[in-house]
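Asks: Using the sequences and the hints given, assemble the complete structure.
Respectively, the protein sequence lines represent chains A and B.
Numbering-wise, the UniProt record's numbering puts 22 at position 22 of the first sequence, and it's gapless, one number per residue.
Numbering-wise, the UniProt record's numbering puts 4 at position 4 of the second sequence, and it's gapless, one number per residue.
It should be emphasised that the hints constitute simulated quantities derived from the structure, not laboratory data.
No incorrect hints appear here.
Straight-line C-alpha distance at most 25 Å; calculated SDA-like pairs for lysine to any residue:
#: 1; chain 1: A; residue 1: 34; chain 2: B; residue 2: 61
#: 2; chain 1: A; residue 1: 259; chain 2: A; residue 2: 269
#: 3; chain 1: A; residue 1: 30; chain 2: B; residue 2: 123
#: 4; chain 1: B; residue 1: 145; chain 2: A; residue 2: 51
#: 5; chain 1: A; residue 1: 149; chain 2: B; residue 2: 46
#: 6; chain 1: A; residue 1: 135; chain 2: B; residue 2: 114
#: 7; chain 1: B; residue 1: 239; chain 2: B; residue 2: 203
#: 8; chain 1: B; residue 1: 149; chain 2: A; residue 2: 203
#: 9; chain 1: B; residue 1: 148; chain 2: A; residue 2: 125
#: 10; chain 1: B; residue 1: 58; chain 2: A; residue 2: 29
#: 11; chain 1: A; residue 1: 96; chain 2: B; residue 2: 42
#: 12; chain 1: B; residue 1: 58; chain 2: A; residue 2: 104
#: 13; chain 1: A; residue 1: 135; chain 2: B; residue 2: 124
#: 14; chain 1: A; residue 1: 34; chain 2: B; residue 2: 118
#: 15; chain 1: A; residue 1: 149; chain 2: B; residue 2: 48
#: 16; chain 1: A; residue 1: 128; chain 2: B; residue 2: 139
#: 17; chain 1: B; residue 1: 40; chain 2: A; residue 2: 243
#: 18; chain 1: B; residue 1: 149; chain 2: A; residue 2: 120
#: 19; chain 1: A; residue 1: 64; chain 2: A; residue 2: 126
#: 20; chain 1: B; residue 1: 41; chain 2: A; residue 2: 102
#: 21; chain 1: A; residue 1: 146; chain 2: B; residue 2: 93
#: 22; chain 1: A; residue 1: 172; chain 2: B; residue 2: 60
#: 23; chain 1: A; residue 1: 135; chain 2: B; residue 2: 64
#: 24; chain 1: B; residue 1: 145; chain 2: A; residue 2: 56
#: 25; chain 1: A; residue 1: 146; chain 2: B; residue 2: 99
#: 26; chain 1: A; residue 1: 217; chain 2: B; residue 2: 42
#: 27; chain 1: B; residue 1: 58; chain 2: A; residue 2: 148
One-sided excerpt, in silico: chain A residues whose CB lies under 7 Å from chain B:
#: 28; residue: 112
#: 29; residue: 127
#: 30; residue: 134
#: 31; residue: 135
#: 32; residue: 141
#: 33; residue: 143
#: 34; residue: 151
#: 35; residue: 154
#: 36; residue: 186
#: 37; residue: 187
#: 38; residue: 193
#: 39; residue: 202
#: 40; residue: 204
The beta-carbon is built from N, C-alpha and C at its ideal position, and this holds for glycine as well.
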Amino acid sequence: LCLCFIVVEKGSPSSKNQKCKGKERGPPGKWTNKERVLIFSSRGINFRTRHLMQDLRTMMPHAKADTKMDRKDKLFVINEVCEIKNCNKCLYFEAKKKQDLYMWISNSPHGPSAKFLVQNIHTLAELKLTGNCLKGSRPLLSFDPKFDKEPHYALLKELFIQTFSTPRYHPKSQPFVDHVFTFTIADNRIWFRNYQIIEEDGSLVEIGPRFVLNLMKIFQGSFGGPTLYENPDFRSPNMHRREMRLAAAAKVREKQMVKEMQKGKKTSAKEDLESDVTADVFLTPAEEKPADIQTEAPEPKVVKKKQKAFKRQRMQMARR
Amino acid sequence: HFYLYEKVNIIHLHFIAQLQEAFAAGLLKPGMNVLVDKPKKLVNNVEGLKQCLADFRKDLPWVERLDLTNLPAANIISQAEEKASAPAAGELDADDDFQREMFFYRQAQATILEAMPLLNRHSIATKRPEDYFAEMAKSDQHMQKIRKKLISKQMIMERSEKAKKLREQRKFGKKVQIEVIQKRQQEKKAMMSAVKKYQKGMTDKLEFLEGDQKMNKESSQGSKKAVNKKGPSAKRKYKDQKFGFGGKKSGKKWNTKESYNDVSGFRAKIAHGKGGKKGKGGKQNKRPGKSVRKKMKNRS
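Replies: Here it is, written out as structure tokens:
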């Protein structure tokens, strides 16, 4: 537990554009890198996804919001929406079956796009994520060296860099760099973390949000076009759930089969044991006794009883 | 168009004819043709990916992107314990939560350590000055909540620690108590046996009293002066000797070697009868001697 890392910031949440003593809040340089990201979702998202989207918009000052899109519309409609909003990148969250969340990241007019399955979402509001940062400060981006080894990862890295890094001198940005986004590859997934830089020697606290991206496909065009890459390790959540159910069912079926076999064994006709020839070896028949039949009833026994005198009489006799 | 369809049809018919022949010849048997899943071919268009990347990438100066690629910083803890740092070399185990999170943490650390000099070169600050007020990503209210939660967690831990210590103390205290009681009992026993020994005359040392006093002195800093310095007084001793300690007289009236050899109480005149009769001239009817009495008895 690091209690010391809680520094209640001297932030005033209400006044956003509070000027400090004589310092120009707006950065002096010109904003040249015109990146704008459109972050929005489809209908049918749950609270966690909604909060994640809001958190991403908080973290990225160069992001714009839009209303929910109906899933009935084709995906390339999104390109038009982006054009209207004058955005050149897009993060689109699609929720299916109210269970699975997919994220599209794309470079809007012509560029590549990728679809991910998002898992393990933790938002900014979780009490265990104790860090904090300036709203709109620029992030450092940290990548795993594995991103350079595969061409599809290299493409994703470029996409992430262009999407997530706040352009310099953006009007809503703060000129300080006080947090770092990490993208790591583990277990064929991309893990995203956001840390606050406390000391320059490298002590960090996690701010959040955090999520895990499971790559599905990379397309050449934005929300369409030929597939450039398909992830062989990807299993759709439906298939995953189906497999679990099948496994459970198989277990039950196996148990039943075993039970039936046992039942069958019990009730099957048993063989009659043949008479054992050797069993007669040890039989020794007893000798025959002459049958003694009594025809008359036996005489009753006569019991002679000794007539003993009473004690007093015996004493008297003895005295005489 | 029509021609193509016809061609396909002809080929199809040809195929069917072949099957019929095979069936007639008895070559077709059930189970010969197994339904095999065609192995799924997954797209991995490496060339396409590279081309796309080349088209798509924007060669921005580092200051715009602020990205770094690095391995995690050395794990000091595991180095200190000399554990084989498996994740550094091989695969990171995504299921071992602690290890995985430490890996991410160290990766971020390494990035910072590398980026600091670069940022300083471009004069980008990482620490905001004290008077710079700006909106934070999480509101103050939220941070207060977090703080409260952390404090409460610590309190709970402390309380459980205290409870544990108390339990230990109680056990220990009980032990100590038992020991003290036993010690006292032993002392009492020793004292009583010493006293008995003195009573019986086995030892005429009264050190057991002194021993007790010495300890008392040590413990009570001599606040109590020794009232009976040499035990009971001489008068008391004489009386005790004569009259005993209330019933323990065994052996007191026997002769010892010294008392036997002690002839100081011998009066020769009295012993030999030469002292003369006392004033009255003795008794009128003097009791006869033992032998005379015996004779009398036998006679009667």
